[in-house]
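**Q** Protein sequence lines correspond, in order, to chains A and B.
When you line the first sequence up against my numbering, it's residues 1 to 312, in that order.
When you line the second sequence up against my numbering, it's residues 1001 to 1475, in that order.
I should point out that these hints are in silico values taken from the structure, not numbers from a laboratory.
Fair warning: there could be bad hints in the mix.
[Unchecked claim] If you want the footprint, here are the derived chain A segments under chain B, 3+ residues with CB under 8 Å:
1. 34-40
2. 212-223
3. 255-268
[To be verified] Using C-beta positions, here's what the derived DEER-type ranges look like:
4. A:E120 - B:P1381: 47 to 53 Å
5. A:E19 - B:T1275: 41 to 47 Å
6. B:D1317 - A:T12: 50 to 56 Å
7. A:T12 - B:R1018: 30 to 36 Å
8. A:R249 - B:R1018: 46 to 52 Å
Every residue, glycine too, gets a C-beta built ideally from N, C-alpha and C.
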Amino acid sequence: MTGGPLLAGPLTSVEETIERLDAQRYLIDRDAAVVAYLAVRLEKPVLVEGPAGVGKTELAKALAGALGRELVRLQCYEGLDEAKALYEWEYAKQLLYTQLLRDKLAETVGDAATLREAVERVAVQDDVFFSERFLLPRPLLRAILSEAPVVLLIDEIDKADAEFEAFLLEVLSDFAVTVPELGTIVARTKPVVVLTSNAAREMSDALRRRCLHLHLDFPDAERERAIIRRRVPEVSEALAREVAATMARLRKLGLRKLPSISESIDWARALVLLNADTLTPEAVTETLSLVLKYEGDLRMARDNLRSLLNPN
Amino acid sequence: MEGPILDFVRALRAAGVRVSPPEAADALGAAAGVGIEDRDTFRAALRATLLKRELDRATFEELFSLHFSPFGAASAEVATPPPIPALRPLPPEAYDTLGAPLQALLDQLLAASDLELALLVRGAGEDALRSLDSLLQQGMVGRSILDSLGAGGADAALDRLAAALRAAGWEDADVRAWRDLLRDELERLRATVRGVVRERYDRVEAERRRERFAREMGRAPLGTVGDHESAQMRLLVERLGRKLDSLPELRRHQHKRGALDLQRTWRANLQCGATPFRLRWKEHPRRKPQVVALCDISNSMQSTVRFLLHFLYRLQDRFSRVRTFVFVSDVLEVTEEFGANAVEVAIAHALEPPGFAYYSATNYGRAFERFLDTYADAVTPRTITLILGDARGNHTPARAALLAGIGRRSRRLVWFNPEARLSWGLGDSAMQEYLPHCTQASEVRTLTQLELAIDSLVTRPGGDASSSFRDVHKN
Chain A
1 MTGGPLLAGP LTSVEETIER LDAQRYLIDR DAAVVAYLAV RLEKPVLVEG PAGVGKTELA
61 KALAGALGRE LVRLQCYEGL DEAKALYEWE YAKQLLYTQL LRDKLAETVG DAATLREAVE
121 RVAVQDDVFF SERFLLPRPL LRAILSEAPV VLLIDEIDKA DAEFEAFLLE VLSDFAVTVP
181 ELGTIVARTK PVVVLTSNAA REMSDALRRR CLHLHLDFPD AERERAIIRR RVPEVSEALA
241 REVAATMARL RKLGLRKLPS ISESIDWARA LVLLNADTLT PEAVTETLSL VLKYEGDLRM
301 ARDNLRSLLN PN
Chain B
1001 MEGPILDFVR ALRAAGVRVS PPEAADALGA AAGVGIEDRD TFRAALRATL LKRELDRATF
1061 EELFSLHFSP FGAASAEVAT PPPIPALRPL PPEAYDTLGA PLQALLDQLL AASDLELALL
1121 VRGAGEDALR SLDSLLQQGM VGRSILDSLG AGGADAALDR LAAALRAAGW EDADVRAWRD
1181 LLRDELERLR ATVRGVVRER YDRVEAERRR ERFAREMGRA PLGTVGDHES AQMRLLVERL
1241 GRKLDSLPEL RRHQHKRGAL DLQRTWRANL QCGATPFRLR WKEHPRRKPQ VVALCDISNS
1301 MQSTVRFLLH FLYRLQDRFS RVRTFVFVSD VLEVTEEFGA NAVEVAIAHA LEPPGFAYYS
1361 ATNYGRAFER FLDTYADAVT PRTITLILGD ARGNHTPARA ALLAGIGRRS RRLVWFNPEA
1421 RLSWGLGDSA MQEYLPHCTQ ASEVRTLTQL ELAIDSLVTR PGGDASSSFR DVHKN
């Protein structure tokens, strides 16, 4: 299923993008494919926004597969800082080396007449300890240092703080990061950057300016059917259609949490395991908890079961 | 293709969508990357580079259809070119009767696809189109474009060609075949010109409509716009909300980690001989940025209160630390209501809160007292207290000292009054008594004024309500 070496090359057209993502079992609509293609072609980061579970993260994974690149993932959360996203000095290792090299150090400073002179001598050598050897690369630095081009996924950027977002700007516009002790490190190969956001927080204009923008929304019933068929090949055509149509109606009920595409896939899979070949009220009641995760939502769906399955 | 895209960018900016120069450059790059043959792909490329906020989508789509109308194969108005039939070659002396400009034009026409034709017309008509201003000018502008392309007097030229061919001894059928072919091509050109002119006129008209709308919207009293919460309205409120993003009190987080805490580091590393393996950092006290909004929902406020509540709802939607209260003579917190319900429901609830003496007469003094009794802890030195009200308390005691108390507790005390500044203090309005205690007081009768008031709220350096700095925002 993964793209062989034949497929691993730059994308040359929108059609090819669609095909190669399809080979990764990711069905993409044309608009989104245009953005994905442009992201690779123009070497610009993409900011993907949309409700939870419409396949934002999957897009990055599929893109990595389609391009035959490694996926480097940075999961954002409140309080994420440079040390966890970019690099950290391996403090313990530095300390260990100084301990092990004590003799060598003593040699260096041994015949120094004054303390000042000893400090001077160590100072000349201190870049030994602040070199890439002691740098612990975190996802961002890994993506930039990588010899082979990668796909960098910065997931749920809206969960990170505004300061971190500002810090990202350098990475996104120049594909470079600045480590004070080492200077600016420019990417050896330009990564394809995908940022995803659930709009928990409004992203800054500066970030938006540097990115292409893609808004992913829930697919229509027809596309959802195709997606279910693509991901769960065992499911019958008729059942996939029913699941997709029911999902579309569920999303219109005014639930607290809208069921996502991954939940339709899980649902279809469960129905196949239960040998259901059509959506009966019993089968739905048994499996509905796979789709709806809140008690109130479940109750509302059960109350409307009849109209959900049979809109006429 | 650069010209039309840049025109489109200008139109987006005029409609209030923020597009920076690098984004415009990206749009050109993206358009070059995908080509312009497929309209949907082209639109997706522009969308990815120019449309960065979902909320501008409607504007984008509308302007896109105005700027890049489908003069491709999909358009019914422009006939697709018939395949050029194999005709008897024209003798040179007959061909020359057409004249050089028309010859060049016909060559282009025969080779051009519909899209190329549309681009050709747009290019030739740039100046003429710019002067297009009214519906009546369409014919004239169209003619001048045709002339500049060399198609003026084309019919007469075709007649001359036919006569010359007949004189050369051609048969009628052959003459007619040539004549029909060239006439069809010219008709295709005319249809394209009509389409392009029409499209430009629609655009001019749409821009005018938008300007008119913005102007009227800005001037209309808040009460009249509040009734229909249309998409446009939401857009405007959303824009106001975006302005508030830069308010320091509303910025979400401060730095989490402070400087190195030597004492705690020392203690934590005692067991390894005080070699600092584990570093400890000082913690910053978390700032709790807050806005506390108090909205008068009494009868005298009826005309504007829906709009103001709508505004507060959006405000709370955007920022987690906003608490909303409504009052008549009693005060009630509606933060929860706003958080849990859709905007219409939330506003309806806020306007008729359960267990609330709604029909009692407005009493600002008592409302302030109740507020201080029940919710005093909501106001901290970090808080902006925002009061939305007309200060009309039915001649009940104003008790400005209580307001001063609220002002002292908060960082800033801001009053938005939906009445004209001139009537402040007239009749039962106690505004003049409250004024000295406000850090800022603004008249917000129209959207434009609300925007100005928010602007000054954002740009003004954080003046302290308890300091002597008590000037009043004048507009």
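**Q** Confirm or reject each hint.
**A** Against the structure, the hints:
1. Restraint check on the segment 34-40 of chain A versus chain B: 4 residues with Cβ-Cβ distances below 8 Å, three needed, restraint holds.
2. Counting residues of the segment 212-223 of chain A whose C-beta sits closer than 8 Å to any C-beta of chain B gives 4, which meets the bar of three, so the coverage hint holds.
3. For the segment 255-268 of chain A, the proposed coverage by chain B is not satisfied: 0 residues have a C-beta within less than 8 Å of a C-beta in that chain, short of the threshold of three.
4. At about 51 Å, the beta-carbon gap between A:E120 and B:P1381 stays in the expected band of 47 to 53 Å.
5. Range check, A:E19 to B:T1275: about 58 Å between beta-carbon atoms, so the 41 to 47 Å window is missed.
6. Between B:D1317 and A:T12 the beta carbons are some 44 Å apart, a value that contradicts the proposed interval 50 to 56 Å.
7. For A:T12 and B:R1018, the hinted distance range of 30 to 36 Å is satisfied, since their beta carbons lie about 33 Å from each other.
8. Between A:R249 and B:R1018 the beta carbon distance is about 38 Å. The supplied range of 46 to 52 Å is therefore violated.
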